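Enquirer: Spelled out from the first residue to the last, the chains are:
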Amino acid sequence: VSTLRVCALYPDLMNIYADRGNLLVLERRCAWRGIGFQLTRCGLGEPLDDEIHDLFYLGGGQDRDQRLCAEDLIQTKRDALHAAAARGAVILGVCGGYQLLGRSYELGPGEELPGVELLDVRTVREDGPRLIGNVAIEVALDGVGERVLAGFENHGGRTHLGAGQAPLGRVLRGYGNDGSSGFEGAHSGNTIGTYLHGPLLPKNVWFADWLIATALGIDQDQLASLNDALEREAHKGARIAARA
Amino acid sequence: VSVLLAPKLALARAAGALSRLRGGGATSVPGKVLMRLEPDAIGVLGSRLVRGSVLVSATNGKTTTAAMAASILEREGVRLVHNRAGANMAGGIASTLLAAAHGRGAIDGELGLFEVDELWLAQLAAQLRPRALLLGNLFRDQLDRYGELETIADSWAHTVRDVLGDDARLVLNADDPVIADLGRERAGAMAGAAAAVGDGIDGTGPVYFGVNDDSLALPHMAHAADAKHCRNCGAPYFFEAVYLGHLGHYRCPSCGQTRPVPAVLATNVRLEGVRAARFTLHTPAGEAEVALPLPGLYNVYNALAAAALAHALAVPLEGIVAGLESTRAAFGRAESVTIGAPDHPRELRILLVKNPAGANEVLRTLALEPGEHDLLGVLNDNIADGRDVSWIWDADFELLTGRLRRVTCSGTRAAELAVRLKYAGIEPERIRVQPDLAAAVSTAQADAPPGGAPLYALPTYTAMLSLRELLSAGGQTRSALT
Numbered sequence: 001v002s003t004l005r006v007c008a009l010y011p012d013l014m015n016i017y018a019d020r021g022n023l024l025v026l027e028r029r030c031a032w033r034g035i036g037f038q039l040t041r042c043g044l045g046e047p048l049d050d051e052i053h054d055l056f057y058l059g060g061g062q063d064r065d066q067r068l069c070a071e072d073l074i075q076t077k078r079d080a081l082h083a084a085a086a087r088g089a090v091i092l093g094v095c096g097g098y099q100l101l102g103r104s105y106e107l108g109p110g111e112e113l114p115g116v117e118l119l120d121v122r123t124v125r126e127d128g129p130r131l132i133g134n135v136a137i138e139v140a141l142d143g144v145g146e147r148v149l150a151g152f153e154n155h156g157g158r159t160h161l162g163a164g165q166a167p168l169g170r171v172l173r174g175y176g177n178d179g180s181s182g183f184e185g186a187h188s189g190n191t192i193g194t195y196l197h198g199p200l201l202p203k204n205v206w207f208a209d210w211l212i213a214t215a216l217g218i219d220q221d222q223l224a225s226l227n228d229a230l231e232r233e234a235h236k237g238a239r240i241a242a243r244a
Numbered sequence: 245v246s247v248l249l250a251p252k253l254a255l256a257r258a259a260g261a262l263s264r265l266r267g268g269g270a271t272s273v274p275g276k277v278l279m280r281l282e283p284d285a286i287g288v289l290g291s292r293l294v295r296g297s298v299l300v301s302a303t304n305g306k307t308t309t310a311a312m313a314a315s316i317l318e319r320e321g322v323r324l325v326h327n328r329a330g331a332n333m334a335g336g337i338a339s340t341l342l343a344a345a346h347g348r349g350a351i352d353g354e355l356g357l358f359e360v361d362e363l364w365l366a367q368l369a370a371q372l373r374p375r376a377l378l379l380g381n382l383f384r385d386q387l388d389r390y391g392e393l394e395t396i397a398d399s400w401a402h403t404v405r406d407v408l409g410d411d412a413r414l415v416l417n418a419d420d421p422v423i424a425d426l427g428r429e430r431a432g433a434m435a436g437a438a439a440a441v442g443d444g445i446d447g448t449g450p451v452y453f454g455v456n457d458d459s460l461a462l463p464h465m466a467h468a469a470d471a472k473h474c475r476n477c478g479a480p481y482f483f484e485a486v487y488l489g490h491l492g493h494y495r496c497p498s499c500g501q502t503r504p505v506p507a508v509l510a511t512n513v514r515l516e517g518v519r520a521a522r523f524t525l526h527t528p529a530g531e532a533e534v535a536l537p538l539p540g541l542y543n544v545y546n547a548l549a550a551a552a553l554a555h556a557l558a559v560p561l562e563g564i565v566a567g568l569e570s571t572r573a574a575f576g577r578a579e580s581v582t583i584g585a586p587d588h589p590r591e592l593r594i595l596l597v598k599n600p601a602g603a604n605e606v607l608r609t610l611a612l613e614p615g616e617h618d619l620l621g622v623l624n625d626n627i628a629d630g631r632d633v634s635w636i637w638d639a640d641f642e643l644l645t646g647r648l649r650r651v652t653c654s655g656t657r658a659a660e661l662a663v664r665l666k667y668a669g670i671e672p673e674r675i676r677v678q679p680d681l682a683a684a685v686s687t688a689q690a691d692a693p694p695g696g697a698p699l700y701a702l703p704t705y706t707a708m709l710s711l712r713e714l715l716s717a718g719g720q721t722r723s724a725l726t
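In order, the protein sequence lines correspond to chains A and B.
So for the first sequence, the working numbering puts the first residue at 1; every next one is plus one.
So for the second sequence, the working numbering puts the first residue at 245; every next one is plus one.
For the chain A half of the interface with chain B, some residues (derived, Cβ under 7 Å), not all of them: (1) 17; (2) 28; (3) 62; (4) 132; (5) 202; (6) 230; (7) 231.
Covered by chain A, according to a simulated footprint, are these stretches of chain B (three or more residues, beta-carbon under 8 Å): (8) 384 to 390; (9) 635 to 647; (10) 654 to 664; (11) 669 to 679.
Everything labelled a hint here was simulated from the structure, so no lab data went into it.
A quick note: this is a predicted structure, and the numbers were derived from the prediction, not measured.
Cβ coordinates follow ideal geometry from the N, Cα and C atoms, glycine included.
Let the hints inform the model, and build the full structure from the sequences given.
Expert: Structure below.
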C-alpha cells in the first residue's frame, strides 16, 4: 500500500454541499495511516487519464453548473470513466454527481441532461417539493456486512432504478431516491451513487475506510485502526437527527 | 380599512401579551395575528410612515448594517421604526409596526428601517413600497431553506425590475458581482451607474459602494465562493482582487460586464483584531477617517453599505462618520459579556456564525488576534440555523490550526463540529464535546488560562439566542448585555 490517487471531478463547480469535506476525510485518514494521498483536480475541458486514479469523486452543484458538467462529462471524460470502472476503480457520485452517473436527468419538459451511463438510473424532476431532510439508510457492502449510512439529502430530482440496477441501500428514515420506493442510491461494481451529503464521509468514516480499501484493492482489516471516538459520536448525532 | 383597524391592533397586541405570558418569546406572534385579521397590515401601517421605508437585505450583515444605519439616522434626529432584534420576515415586521402604532393606527416614528429576509424581500417590497433598497451581498447559505443562490438572485432581480417603484433608490455592493448586476435591471442602468460616480443624491441610478485596497486581497478565492460566472453571459469572471468570498474587483472577459465604479468607497483599511477597524471613507461629499468599533473586513463592508444608504438619504458626511463611530454591536454580533465569579471574571465574546462566508470572516478576524485562543463552538441544527450542517465543512476552520489552546464543542450537533475541527488539523486532545450548553459554558469558563484571556463563542443563530438567554438568566453576567 503506497498512495491513494484521487481524482476530484469539477471541484470548483460541483461542490455545493461541502463536498470538500468528503475529500478531506479521505486525505486525513490516509495520512494518519501513513498511506500517501494524491489529489488531482479535473475541470471543464480537461481530459481524464483513466489509468492513474484509484478513486473518482463527483459532487453536487447548482443547476447551471450541473448542465455545464453534464455536457463536458460526455464530451471529454465518458470513455475514460468507463475504462476506469472496468478495471475496478472506485467512482463515487453524490447528489448532482449521482444523477450524472446515470442515464439521464430530465430537468423539465424538453430539457434532458445526458448522463455517462455508469449506473442504470434515470432522474426526473417531478412536481412536488424538493426532498429535503436528514436521512439514514442501511447498506450491505462486501467485507463489512450490514451498516448504516447517515446524512442529509436535498434534491428536486426523483431517481428511478433500471430493472437490474441494485440500490446502494434501503431507506430507514428520509426520502431516498424518489421518496416512495424505499431505495437509496445505486451500486454497480465499484461505482456508487447516493443522495447522502452532509457531507457523507465525516459522519460515516467506516464508509470512507471501505472506499479507501476498495480503491487500493486491499482488505478492510489491512487498514490500521484509528481512534474514531469523535467520529462515532458524529455518526450517532447524524442518526439521531434522522431519528434512526 | 382604518375604521376597523383599531380593534384589530388591540386584539393582536393582546395575543402578543398572552404569548409572552405563556413564555413564548417569539417577537413575530402579534404581527402574525395582526396579518390574520388584516392581511395588508404591513402595507396599511407602513403607508403611515411620513418619510416612508428603507429595506436592507443580504445573506450576511443585515442586522449589523441596519444597526449602523439606525445609529447614523437617529443621530440626525430621524425617528425610526426599526426591527432591531432581527425578526425579519413578515411576522416580525408586522410586529415592529404594531408596536409603534397608536390605538387608532397612527405611527410613532417617521421612517421605517427594516432588515428583510432574502426570501421575503419581493413580498415585503410590494407591501412597503420602499424609497430605498439596500442589497449587501449574496452567499451560499442554508441550502435546505433558501435553495440555490441563483434562485434568490432571480427573485431579487424580479423585485428590482417589477416590484420596486421607479422613484426608489437602489444601494448596491459593487464588489459582489451578483448584487452589482441587479443594477442592470433598472431602466437606464448603465447611465445610472455612470451617474452614481458623480452623485448619489440627485441621480436616479443605483448608489454603489465598494472597497479599494490592494493590501486586503486574498491569495486565492475561498473554497466556498459562489458567484464565479457572469449573470449576463455565463462566462467565468476574471478577478483582479478577491477581498472576501467572491467580493472583489472583477470583470467578465467575454461580455465586458465590469465592476461599477463605487460612489461610496473605503480605502486604507486597517483591521485591528477582534475589536475594531479603521478606514478612509470616500463619498461624493468628501472623505473622512472612520474608527469603527466593530472588527473585520465584513464590518467595513457593513459600514460602507450603511454609509451609502445614509448618503442616498441625504445625510451629510460628518453625520455618517459620527453615526458609524458610535455604533454598538448588534444582537449577538461581536458582543462582549463578562462571565464567571466577580473574583474570576472572564470576557466572553460572541461572534455569530451561520454560513461559510460569514464564518470565514469571523475566523479570519479571530486569526488576526495574537496568541492561542479558547473557543466555544456551538452548532445547532434547528430550522432557523438550517437543518443541514454541511456548511461547516465549507468554512475554513483551518485558519485556526495551531492557534487554539482549548475548544469546547456544544449544541445539537456538537460532535460534528468536533470532527470538523479534528480534520482541520486541531489535535483531538484539545477538543471537548459537551452538547449541553450550560455545562459547556461552565466547563469552558472554569478552564481559563492564566492571565484570563477571553473565551470566544462561535454560536449558530439559535445557539446565540440560547447563549444570551443563559447568560442573562443565570446571573453570570456582571455587565449588561448590549
